[in-house]
Amino acid sequence: MVTLTQSFVYPGHTGYDSVDAKYVFPIPVGGAVCAFELHTSDGHVVTGKVKEARQAKREFQAAIAENKLAGLLAKEASDVFVMHVGSIKTGQSVKVIISYAVELADDELLNQVRFSLPTYVGERYGTPPSSLPVPSTAKWAKFSVHVDVQMASLIENVVSPSHRISVVYNDIGRTGCSVDLQSSLPSFLHKEFILSIQARKVDAPRCVAEFLPERHSVALSLTLVPRFGVRPIKKQEYIFVIDRSGSMDGSRKLDYAKDALLLMLKSLPSDRTFFNIVSFGGRHSSLWKNSQPYTARNLDEAVMHVDAMSANMGGTELLAAIESVLSPRRSQGSVFRLWKPQARPRSVFVITDGEIWQHDQLFRTIRRAVAAAGSPSGGKYLRFFTLGVGHGASTALCSGIARAGNGLCLMTTQSEDLAGKCARLLRASQVPPSGNLSKLRVDWGYGGLDSGPRSGSDDPKLLKTKTKDPAAPTNIYDEAVEPLHLGAVTAFQPPPSSNVQQAPFAVPDFYPGNRFIVSAILSQTAHIPNQVVLHGETPDGEAMALKVDVLRVESQVAGPPLIHTLAAHRLVQELEDGNLESEGIRKPDKQRLELDFGITKAAVIRYSEEFQIASKFASFVAVEGEEPVDDDTFDDETVVDELDEEWRKEFIDKPSTLTCGLRNNADSDIGWRPRGRNEHPTSTNEAISTWRQDVTDFTVSQEEYGSPQMFDPSCSATPGEVAANMNRAYPFDAYTESYQEEYGARSPPRARTTQGFGRAQMQVEASRSPSRSAPYSPPMPTPQADPITGIARLQKFDGSFELDNVLCTTICARKASLDDLKASIPAYIRSQAKGRRLWATALAMAYLRMKAGDKVDIWAGLWQKGREFIERYLRGGTVGFDQLVADAGETITRLCNDHP
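Position 107, counted from 1, in the sequence shown is what UniProt numbering calls 107; the numbers after and before it change by one each time, with no gaps.
Take the hints with a grain of salt, since some may be wrong.
Restraint-style ranges between C-beta atoms, simulated for each label pair [said to hold, decoys possible]:
| # | residue 1 | residue 2 | range |
| --- | --- | --- | --- |
| 1 | A886 | S831 | 56 to 64 Å |
| 2 | K234 | S831 | 32 to 40 Å |
| 3 | D42 | F597 | 40 to 48 Å |
| 4 | N67 | G578 | 40 to 48 Å |
| 5 | D360 | D882 | 21 to 29 Å |
Straight line, CA to CA, 27 Å or less: simulated DSSO-like cross-link-like pairs of lysine-lysine [unchecked claim]:
| # | residue 1 | residue 2 |
| --- | --- | --- |
| 6 | K796 | K235 |
| 7 | K234 | K851 |
| 8 | K201 | K547 |
| 9 | K815 | K796 |
| 10 | K815 | K289 |
| 11 | K851 | K258 |
Quick caveat, the hints were computed from the structure, so don't treat them as lab data.
In this text the structure is predicted, and so the values were computed from the model without any measurement.
The C-beta atom is built at its ideal place from N, Cα and C for all residues, glycine as well.
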């Protein structure tokens with residue numbers, strides 16, 4: 001659970017009776033905003049309630065018209081929120097507290113989870129929502145972080161690819177630790193803070209349940225990282241769509257994306273593979289008109305094409321590029337005809353920073369194409385995978401493409417190793433969805449198998465049939481297997497809710513080694529089942545069942561119920577995506593678009609108000625009234641006294657109508673406008689405002705909940721507690737925005753802003769720094785030389801390697817010469833025509849195992865291609881692949897030791 005706290009102080013030096021503030025900030029697309037409060041300096045608490053968006057806005061406007069303290073928190077985009085605070089009176093301090101729950105993401109390895117603290121909304125192409133201001137140029141702000149991590153099992157590693165950290169383990173069993181930023185250098189908010197935690201059994205199946213007495217309902221969350229062996233897809237088409245827009249030019253984003261693309265190209269199966277590369281920006285182009293066979297010549301041409309890429313294609317028109325992928329055309333003279341797809345699966349990989357505003361039409365286009373492509377049984381299915389690149393990349397776009405395309409989304413930054421992310425995406429694309437299982441469904445233990453929703457791939461007629469008793473269920477988690485006008489009040493009434501509300505409604509496709517989560521809310525019951533069962537069926541009709549024990553957790557006394565909140569957010573997210581199956585509508589009908597939209601909106605509002613979560617059609621509104629007194633008061637004078645008088649005089653506030661904001665490196669926005677004026681106003685040059693932000697984490701202990709990891713049921717970790725202190729390095733520029741049309745406001749004093757906001761497990765405090773000196777700009781951390789990436793770039797299309805100086809330098813780091821490697825070729829392959837390539841391939845494989853032995857799941861694809869090449873030429877001989885690689889490993893050790 002994330003608690004974001006901002007403190008506003010209006011000293012009143014401008015002569016205005018009160019001011020209003022506006023603040024724009026990011027929340028991950030998976031974040032469920034579930035609480036909003038205003039705490040005044042005299043101890044009063046104004047608690048926000050979720051209401052239909054237009055109604056909430058009217059109540060807010062009416063309150064500030066009466067000069068009442070009020071707040072409005074609205075979701076303006078899938079991952080961008082806008083917060084208004086109205087009528088902050090002279091000498092008053094207001095502390096705004098926003099809470100949201102979020103699930104942790106997968107990282108490179110199976111037993112690893114990734115925590116990210118986003119710090120800004122990146123620049124985005126297109127027209128932003130009308131209520132969003134245009135931010136100004138960013139400045140730097142510095143911060144520090146402290147993290148307390150508590151896991152249910154042994155912690156194997158804790159690293160931050162984005163910042164230098166120190167880790168101290170606080171018990172003998174290594175189940176807990178503390179993490180701090182190293183204090184030798186200041187850290188700045190120009191990039192998000194990322195923490196990767198690796199622990200044993202974090203990928204094991206688990207299901208947690210929470211009973212909510214006042215609603216008489218039970219919420220459950222089932223999660224696992226599947227482990228099963230399945231034959232890879234024999235033939236497939238791979239299309240890589242890479243972002244070459246102007247936004248990819250800075251911070252080496254395009255270079256980083258090109259590295260990812262090259263890694264995946266090198267790792268493609270060499271047999272019965274077709275591929276193509278599509279570049280997009282304001283326009284789009286492809287390497288070839290149609291996908292070509294994966295051959296040595298075509299791969300070399302593709303690599304040269306990638307190496308020559310630059311961010312020179314203007315805007316970010318992704319929709320047009322995707323439409324060209326879905327409807328490729330061949331030229332026949334002056335006539336174009338639609339290309340007839342081959343009977344093979346197709347996987348599309350989108351590599352982008354995701355910085356666009358309009359993406360609803362894109363998601364609809366992808367969903368329609370995936371549905372029209374067919375099912376796995378037909379062999380022509382279509383899937384989309386996304387790799388979000390860079391700090392500030394849009395989780396809304398990247399995860400939305402993957403959800404619509406039945407694929408996976410991974411986010412990465414320039415300071416992280418690429419090989420693991422690329423390997424995970426490719427590995428998922430090379431196996432059939434859900435391992436060719438069909439008729440997937442979850443028995444939540446509520447009234448039998450027929451009470452809950454089924455897989456969306458089932459024929460409607462089959463939904464009424466009962467599954468035969470399983471004779472010999474297969475095992476999908478085998479530890480022995482290593483898997484490589486939107487605000488208008490609607491008159492529509494949604495249908496009554498089912499007693500079993502599952503999200504996603506259809507059990508999503510799952511892939512070996514990638515986290516799988518399904519949630520459900522069971523209404524009108526207090527019964528918590530002992531087990532939930534995931535059912536499926538193999539192509540030959542054999543039943544599969546995975547039973548997972550249910551662990552009950554107690555809902556927190558204060559604050560939102562975490563499991564219910566996350567489950568409800570998934571329900572709302574599916575409706576916002578346009579999936580109405582939970583409301584009894586299987587397929588959207590063009591003839592009833594208005595009705596479907598009305599049902600969607602009404603259902604979203606219903607769930608939002610019932611579970612008190614913000615959404616596209618419902619906002620939080622808090623209005624001053626009869627509030628309880630909070631004993632935890634704070635002194636506004638103390639905050640004001642922290643301001644340096646010289647600082648106050650240097651940065652003169654000019655009278656204007658404005659919102660202050662950050663751009664590029666720190667795109668949050670906060671602004672002020674006046675609400676009234678004294679009889680004898682003072683100069684606006686004396687106007688000053690302070691801003692301080694805290695983000696606090698709700699810590700869940702096993703003693704309280706009886707289970708670890710409550711805010712993220714997908715992970716075995718108890719949520720850690722993170723504290724970050726932010727200090728202004730120097731003030732930010734301001735920019736103007738007119739409030740007069742919306743609120744009829746007069747020109748306000750100029751305000752200053754800072755920024756910092758977090759995701760899960762975060763507590764952030766911000767205060768101003770009196771220092772006026774230019775901040776130290778730390779260099780971008782660069783990952784150490786990655787042996788996996790280096791080897792991948794050298795591997796040929798057929799899995800082989802050349803015995804040349806480049807390979808020699810990569811493996812031996814100039815401790816041995818190329819002649820030394822040539823002289824070490826074993827006698828049993830020296831006479832073979834491919835002897836040098838066989839030995840080079842064995843050396844590369846041995847080097848991978850020696851240097852990255854703990855990351856087998858990352859380089860498994862490279863290893864498999866190398867094995868196939870060697871075995872192809874050693875078939876029938878006395879020495880096999882394993883012996884050759886063992887000899888190569890001994891040679892590397894000997895040469896390195898003999899040539900210091």
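Unmet hints by their number, sorted upward, for this structure: 1, 5, 7 and 10
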